[in-house]
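*Asks:* For reference, the chains in residue letters:
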Amino acid sequence: MAVFDYAPAIAVLPLAAFALALFGGRYLPKRGAIAGIAATGGSLVLSLWMLVTIALGADPHQQTLYTFVAGADGVASVDLSFGIFIDQLSALMLVIVSLISLLVHVFSLGYMNDEGETGLPRYYAGLGLFTFSMLAFVFSDNLLMSFMFFELVGLCSFLLIGFWFRDDAPSSAAKKAFLVTRFGDYFFLIGVVAVFATFGTTAFVGEESFIAMAEHAMPGSEAAVPGVVSDWLGVVGLSASQWFTVVGLLVLGGVIGKSAQFPLHTWLPDAMEGPTPVSALIHAATMVAAGVYLVARMYGFYALSPTALGIIALVGGFTALFAATMALVKQELKQVLAYSTISQYGYMMLALGGGGYVAAVFHLTTHAAFKALLFLGAGSVIIAMHHNENMWDMGGLKDRMPVTYATFLAGSLALAGVFPFAGFWSKDEVLFETLVHGLGSTGGTLLLLGYAFGLLAVVFTALYTFRMVFLTFHGDARTDTAEDPEPVRWNVKLPLAVLGVLATVVGVINLGAVKKIIGESNLFLHEWLFHGAEGLNGEHYEELLHDFAGYTAAELPGGPLAPAAVSLGLALVGVGLAYRLYGGADPDPHMLKLGSVRTTLMNNYYLDEFQVWLAMSVTAPVARVADTFDQGIVDGVVNGISSVSLLSGDRFREIQTGIVTNYAALLTLGLTLLVLVFALAGGWF
Amino acid sequence: MVLVEGLIGVTLVSAFAVIFAPDRYAGKLATGLSLIPLAGSLFMYANFAGSGNALLGGDLAYETTVTWFEVGGYGLNWHVGVDGISLPLLVLTTILTTLALVSSWTPIDDRESQFYGLMLLLEVALIGVFTALDFFLWFVFWEGVLIPMYFLIGVWGGPRRKYAAIKFLVYTNVASLIMFIGLFALVFGLGDSLTSLDIPAIAQGVRGGELGALAGVQPETLKLGAFLAMFAGFAVKVPVVPFHTWLPDAHVEAPTPVSVVLAGVLLKMGTYALLRFNFTMLADVARDLALPIAAIGVLSVIYGAMLALAQRDLKRVVAYSSISSMGYVVLGLVAFTPHGMGGATFQMISHGLISGLMFMAVGVIYNASHTRMVGDMSGMADRMPWTVGIFVAAAFGYMGLPLMSGFAAEVLVFIGSFQSTVIPFATVLTALAMFGIVVVAGYLLWAMQRTLFGSYSLETDYEVGRAPVHDVAPLAVLLVLVITLGVAPDLFYAMIQDAVDPLLGGGV
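Quick note, the sequences are listed as chains X and U, same order.
The first sequence begins at 1 in this note's numbering and counts up one residue at a time.
The second sequence begins at 686 in this note's numbering and counts up one residue at a time.
No wet-lab data here; the hints were simulated from the structure.
The reader is advised that the hints may include incorrect statements.
[Claimed, not checked] Once the Cα atoms are required to be at most 25 Å apart in a straight line, the calculated SDA-like pairs of lysine to any residue come out as:
#: 1; chain 1: X; residue 1: 493; chain 2: X; residue 2: 593
#: 2; chain 1: X; residue 1: 593; chain 2: X; residue 2: 583
#: 3; chain 1: U; residue 1: 847; chain 2: X; residue 2: 638
#: 4; chain 1: U; residue 1: 847; chain 2: X; residue 2: 332
#: 5; chain 1: U; residue 1: 847; chain 2: X; residue 2: 580
#: 6; chain 1: U; residue 1: 847; chain 2: X; residue 2: 644
#: 7; chain 1: X; residue 1: 398; chain 2: X; residue 2: 644
These numbers were taken from a predicted model, which means no experiment stands behind them.
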């Protein structure tokens, strides 16, 4: 297929924009923004072309592009290579990433160029590199390549979060973002190495892929166990299912870091120090999405391990609730959104753990639209407020910025999960899948627990979302800036409008709650993902979940309608509560009544303090002790030996007096001693 | 072929020419002359036609064997040549020397002609170490490295240069002595079957089971003793914990260009010799001792990284992190897997480039600010954007960022050692060593945040402006090399694997 020959360009275009902006940004129109827009626009067109081609019935496409370690001829070793894999999942994700990136570039014209920022070539170079890394990550055809671009995404987040490096907070946040995710990636890398050791390959696709080999190696599989796998299992002394669980959990470490799941979520709120468009990019389509996408990409591997799935569901459900509670009390607009991102990715993890592969991808898609929208909307508000982010200084903005208000409201309704906005359909699907698998499976307790967390989080989500909306846009203006906000231009409004429409209607791709009415075949996303590559599609995953993880979907009497009604009801409760508390002309800070609970929430359950304590009060003293030990003991021994030899040399030197009689006396004494020794030893006496 | 001789001869003549040149021209002259061995080594790389391992009967490239004279029944030969292990190291040496010479232009302003002459003499000895295949010859070059190095640290170094230079000289010299005894135990053990001190002959003799008893000591014990003696000797050079304490002192006192060569090439002498002697000649002993050796490697990684975490002097940070990086080499070598040993050898090259880059970057900042202390400066990115940009890139290279050579090297070592059946508990030990990638990110990010970012301030009374082009150019060249090798490791890795492969199968 000639179409797929253009696939590498999807990632290469932003890379070219990166190089252009870095080395020639000064001379480019808009300091590199136009190059970035052109490149991401090109990526979007190409991605859509791929999507359409596959929709028209083309087979998924896998192709090795470049082998960077082939080793010597005839040496038994594994090849390390880059390749592309375009299938239903990756084509969809490519469209999402390139679309969001394009809109972020356009928005940056308003947020960065119009605001007179300096260092713009560096900024656009960073955006280009970020987009390149994420796109290459998405179409990776093997796990090692995924890891490599996963890491590059981390680098880009460092560069962009720390864009304003002259201030202390952004550079500190950048460091934290890289370090915390690096900690997760440590486990991921062990996982990659373990996959190599177990299967001799990290390919995702085909009969020789590690995913297919893992399935064949499972007890109960009809295929023959691959020799390399059984050899390795003999070395580690674990059964296939045990070892695959270990490997799956190791890779999950990277996912938890990048997708900001408990307990490695702490970097994400700090990352708000970066420019707002970057936050939109990080949260909606790149970096944070990378973790969840990775689990979806190798879902055939996770579906073999009920333990790993259970842990994913529990971590996800817990994170969804946990982060939502912290979002309740935040005063800064972007902070609320940051915690909501953590919470929403928790839902996706919950879906993946709960056997809802389609639901997770669905929520990833809708979330990309409405969270990018909310961040860009927040950016618009921040421009208007002259970079004051405190919601208590806002109020009444709805009449003064109608476009921002309308779109932000659409995004908020989607986030809160209100019918018929996109978030309602996807969040409902997440909860529904978790519920039916929790009820139907033998070991479904963890899933039901995760479901309970997720359901409770719905109320909190609606509450913090509409607290944000009411405080920002409704009531009276509480400051002079809010009375007379700075106007925003087309380059801000256009991306908002596009995303506003998407956040409203994109749910139509999978109206799961009413599937009884419209018919299963009209669940477009479901159909889409169930027709993937051999062994890498939703249908096959469902079989795997059933055969190896013991997942069975329970039949609910009312079908999906009743659970949907429950979650919608809870969302409306949250919205109503928010209206009651903050809907007035001059709302009171009700959260203050929570007292010490609020303090705990404001301090993020002291988890940041705990991590700082780990770094400053545990690691640093250990390092200092090691240094003292090294200087005192290890080097002390070395210097000690030197001193002893110097000192003894010094003492022995005194024998050399230069007086002949002394030498004569020593000679005589020595001779006498020798004679005596020989005499005694020789037995002369 | 006389290429190796040509390289050594031209560099030697250049060295003396520079010593007698006027100070004003010495820097430029030395740099210009160093382009000849650089071009020569690149020519050798481009036309490399060898295969196999030099010690195990492989097909050597650019080989010369001439018998000089005989002494005590042993022929002393001029035997040089390169294989897929030594050629990359040779290229590394010539590249780093030229770049180090350029980076000397700014900081060296005293007795220039002697400085540059000694740097070229150092290059002569280093080329010799990586090409010599006769033990006598090799040992002459091996010891010959110490003399210029001693003076370079002792004359042009910092305040405590005398102490550092003596410590370096005595420590490594004592180590050489121990190693020497170990090797000669093998030579005498081989007895009449050996007619020269040819290293391949010794290696093949020992591996072929021709070792006899020596003074009542059985061959097995003899091999063990020789292994331990040589390991201790080379361990100082690498250095592995606990023989590492000379290194930070030497680095801190040495001027920047000397640090570049010290970290970039001299440390690799240790791992190169370990590979040649301990892991090739006495591979079966190494396999038996895999657990303690791997444990030493892991200890070096973690302990070195912890020490780096405690430093305030940027140069000390990089110096200690070298100890950490060399730990990966030890771990990879003892794995006895294609990627383990190959990756370890590749790591020698990669670390040579990246540590050279880091030291140079620290040096460029020091040239301008006259301090290296974290806490004495902040916000340098504001004043030196390109230098800091390259510094950040280099630091990420050190952290093992993909598409840079460090990642390729480390991930190959990890893949190789994780599945090693030679190392007991290979999976656990490898996982432990891998934690180094978190700690290295910790201390480099911390140091960068404190010195490069934030608002600009400087404790010393110097005006910081943009660095001159000849300061930044070597950094840019090294960065390009690091990225090139990261994207295309096979430029070196293919020949390395070809040379390493004979060590893995059969024989032992």
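*Asks:* Between residue 493/X and residue 593/X, does the CA-CA distance stay at or below 25 Å?
*Replies:* Violated. Residue 493/X to residue 593/X sits at ~38 Å, over the 25 Å cutoff.
*Asks:* Holds or violated: residue 847/U and residue 638/X, Cα atoms, limit 25 Å.
*Replies:* Holds. Residue 847/U to residue 638/X sits at ~16 Å (cutoff 25 Å).
*Asks:* Given the hint that residue 398/X pairs with residue 644/X, does the C-alpha gap stay at or below 25 Å?
*Replies:* This hinted pair is violated, its Cα atoms lying about 83 Å apart.
*Asks:* Is residue 593/X within 25 Å of residue 583/X, Cα to Cα?
*Replies:* Within the cut-off at roughly 17 Å; holds.
*Asks:* Could you grab the alpha-carbon distance between residue 847/U and residue 332/X and see if it respects the 25 Å cut-off?
*Replies:* violated (58 Å)
*Asks:* Do the alpha carbons of residue 847/U and residue 580/X lie within 25 Å of each other, as the hint requires?
*Replies:* violated (78 Å)
*Asks:* Hinted pair, alpha-carbon criterion (25 Å max): residue 847/U, residue 644/X. Please report holds or violated.
*Replies:* holds (19 Å)
The earlier numbered hints that this structure contradicts are 1, 4, 5, 7.
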